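Everything in the sequence shown is counted per the numbering used here, starting at 1 for the first residue and increasing by one.
In short, the hints are calculated from the structure, not lab data.
Quick caveat: nothing in here was measured; it's all calculated off a predicted structure.
From the three backbone atoms N, C-alpha and C, an ideal C-beta is built for every residue, glycine too.
Watch out, some of these pointers could steer you wrong.
Claimed, not checked - Derived pair list, reagent style SDA-like, types lysine to any residue, alpha-carbon separation capped at 20 Å:
| id | residue 1 | residue 2 |
| --- | --- | --- |
| 1 | Lys88 | Gln52 |
| 2 | Lys88 | Asp71 |
| 3 | Lys64 | Ala85 |
| 4 | Lys64 | Arg54 |
| 5 | Lys64 | Gln52 |
| 6 | Lys88 | Asn78 |
| 7 | Lys88 | Arg54 |
| 8 | Lys88 | Pro69 |
| 9 | Lys88 | Tyr57 |
| 10 | Lys64 | Ala45 |
| 11 | Lys88 | Gly56 |
As the list claims (entries may be wrong) - Listed next, with one range per pair, are the computed distances between beta-carbon atoms:
| id | residue 1 | residue 2 | range |
| --- | --- | --- | --- |
| 12 | Glu73 | Asp41 | 25 to 31 Å |
| 13 | Ala39 | Gly19 | 20 to 26 Å |
| 14 | Ala59 | Phe24 | 42 to 48 Å |
| 15 | Val23 | Tyr76 | 35 to 41 Å |
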Amino acid sequence: MALSWSMDKVGPICRSAAGAAAVFDAIRGLDPKDPTLIAADFNYAPQVDLSQLRVGYFADFFEKRNRSPRDTEEEYQNDLQVLEALRKL
């Protein structure tokens, strides 16, 4: 079932990122009847060394004074734990 009228394409359901990449590679491309599409490369590299990747984040969003008043202390602490786990990786 589609989420909403503006997102009416459910897409492939796969068991892994490799499966999704294979399906996407098969269905991607330009459609002469759809002027909103662009030609773009698709480069899936399943054997990436994760230690060579960098994770970007907005440091201001992790400052307590810049957070939404609706955020609880528990949410704030969870976010800090996620950030620390990413740093360790």
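May I ask which of the numbered hints given earlier this structure violates, with the numbers listed in increasing order? The structure conflicts with hints 2, 4, 5, 8, 10, 12, 14, although it agrees with all the remaining ones.
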